[in-house]
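Asker: Residues per chain, in single letters:
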Amino acid sequence: MAADSGGLTTAAAVRVRNLHRSFNKDGGVLNGLDLDIAPGEFVALIGRSGTGKSTLLRALAGLDRDVAGHGRIEVPASVSVVFQDSRLLPWKRILDNVIFGLRGADAADRGRQALAEVGLAGRERAWPYQLSGGEQQRAALARSLVREPQLLLADEPFGALDALTRIRMHALLRKLCEAHRPAVLLVTHDVDEAIVLADRVILLDAGVVDTDVRVELTSRSRSDAGFAGLRTLLLDRLGVAADAG
Amino acid sequence: MTTTLHTPPVSTSGDKADARVVRRRLGPGRRIRFAFWIGPALALALWAVGSASGVIKPAILSAPWDVVIAFEDQWVNHDLLGNILSSLERSLIGLSIGVVTGAVLAVFSGLSRAGESLIDGPIQIKRSVPTLALIPLFIAWFGIGHEMKIITIALISMVPIYIHTHNGLRGIDGRYAELAETIGISRGEFVRHVVLPGALPGFLLGMRFAVTSSLLGLVVVEQYNAVAGIGHMITLAEQYGQTDVIVVGLVIYGVFGYCADSAVRLIARRVLSWRQTLEG
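If you're matching them up, the sequences are chains A and B in order.
The first sequence: position 41 = 41 (UniProt numbering), numbered continuously.
The second sequence: position 27 = 27 (UniProt numbering), numbered continuously.
In case anyone wonders, no lab produced these hints; they're calculated from the structure.
Any given hint might turn out to be false.
Capping the alpha-carbon separation at 25 Å, the derived lysine to any residue pairs in SDA-like fashion look like this [stated by the list, open to error]:
| # | chain 1 | residue 1 | chain 2 | residue 2 |
| --- | --- | --- | --- | --- |
| 1 | A | Lys-92 | B | Asp-73 |
| 2 | A | Lys-92 | B | Val-100 |
| 3 | A | Lys-92 | B | Glu-189 |
| 4 | A | Lys-92 | B | Tyr-240 |
| 5 | A | Lys-92 | B | Leu-278 |
| 6 | A | Lys-92 | B | Ile-183 |
| 7 | A | Lys-92 | B | Asp-120 |
| 8 | A | Lys-92 | B | Thr-277 |
| 9 | A | Lys-92 | B | Ile-172 |
| 10 | A | Lys-92 | B | Ile-69 |
| 11 | A | Lys-92 | B | Pro-40 |
| 12 | A | Lys-92 | B | Leu-205 |
| 13 | A | Lys-92 | B | Glu-279 |
| 14 | A | Lys-92 | B | Gly-174 |
| 15 | A | Lys-92 | B | Phe-190 |
Chain A extracted, bound-state conformation (with noise of 0.2 Å):
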């Protein structure tokens, strides 16, 4: 069996031992990967196709019960997880997707609340074709963070969107995670992405952390000198040259 998942022990979100998963006999994805994420933590998690980015986060998620492997995980009793999708189910309306599953008298209040958070407010009752991509990436935030979960998981949540909206969704995701200060992990493909929204970035190589950078800067505009030295630094080590990419 994959998942070997406990409950919080320590003062870490996320600890991760000696984790290893495989699709087939050839070889494995993740090959001993070691990983803490304190409280709090922004994590970004970046690396080249097939380096096992989304199957770490799945195994966190608790969603890789098919797949081999053996290691130690614990993370907090409270996950949610975005997908690239929305995974808005179609027969919902958007309030009530937001507050699906979600217990207690004042679940749908909680619901507008969330909404509000996301600025879509108004839309409730709207159905979940009814919104943009990026409406409906807003309203899968607001169904994680309604939960107040302790680690969020996050696997390419911009991915699908265009350039512009994936700017905003990057204040809306700042903000959010300021106000309600949960573990995050975002897997992403994109370096520029991970260095505006994380404090700490971590690359995955053929299974395990390779490189793993704290985003120290002043500020986190792309014309700062730091902004650049930190891209330059990962696109080396993810084998791009700075200026092609």
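Could you slot chain B onto chain A? The hints should help.
Answerer: Chain B in isolation, oriented as in the chain A frame:
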């Protein structure tokens, strides 16, 4: 107009201030009023014209007005209303049992591998045996009374409900199940919020088949030892050679079936308003 569209646009209004480019519509377009009545009304009109002009001989098919007279005669002198109610009762009870059983079996068989291996096979086998061929056996088991008729109708209407609900359920996007797992809901909540609404389009299609098959079953079972019902009325009329009364029965079946089907479609349009389809 200079455009680089790949299909030639169709220009519509002559109004210069509102010159727009309109593509030829490929979907069915906007709803038309009284669409419900147009087809049947046209069929009735053809029937009337055919009978009046003598193209349709009374021996082949009674004229609409003769059917109306026969209808009145049956209503006044032979308790037609009683027959209708008796038939409706039979098909409603049978249909309800069949629909509930079919849907419950479909959910069990759709959601559990054990359920699938137990339920799916026997239903497919049952499906390939015509229910009408089972009637002699049912008469031996349940007698020739009410019970046999209800069970036959229930079995006939259960099969389409099962097939279409099962198919609709298995067609639900697996990513929704994954989402439900991350949200941490119980299996009951999963059935209620994901499985049932997701299988609803399939169920409603099954319902359309089921209502008409329940009427089909009615026609057959009422030929066996019935003292009331439309089928009984038709059987008697056959013995006395009353074509017009037979047609009265057929028209009633047709009206039942059409109204029931339209009701299901209307309900479907309401409850499936979350879909963006050509149904509109």
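Asker: All hints are to be evaluated individually against the structure, with a verdict given for each.
Answerer: Tested hints:
no., hint, verdict
1, A:Lys-92 x B:Asp-73, "violated (53 Å)"
2, A:Lys-92 x B:Val-100, "holds (24 Å)"
3, A:Lys-92 x B:Glu-189, "holds (14 Å)"
4, A:Lys-92 x B:Tyr-240, "violated (58 Å)"
5, A:Lys-92 x B:Leu-278, "holds (20 Å)"
6, A:Lys-92 x B:Ile-183, "holds (15 Å)"
7, A:Lys-92 x B:Asp-120, "violated (30 Å)"
8, A:Lys-92 x B:Thr-277, "holds (16 Å)"
9, A:Lys-92 x B:Ile-172, "holds (14 Å)"
10, A:Lys-92 x B:Ile-69, "violated (52 Å)"
11, A:Lys-92 x B:Pro-40, "violated (36 Å)"
12, A:Lys-92 x B:Leu-205, "holds (21 Å)"
13, A:Lys-92 x B:Glu-279, "holds (19 Å)"
14, A:Lys-92 x B:Gly-174, "holds (17 Å)"
15, A:Lys-92 x B:Phe-190, "holds (13 Å)"
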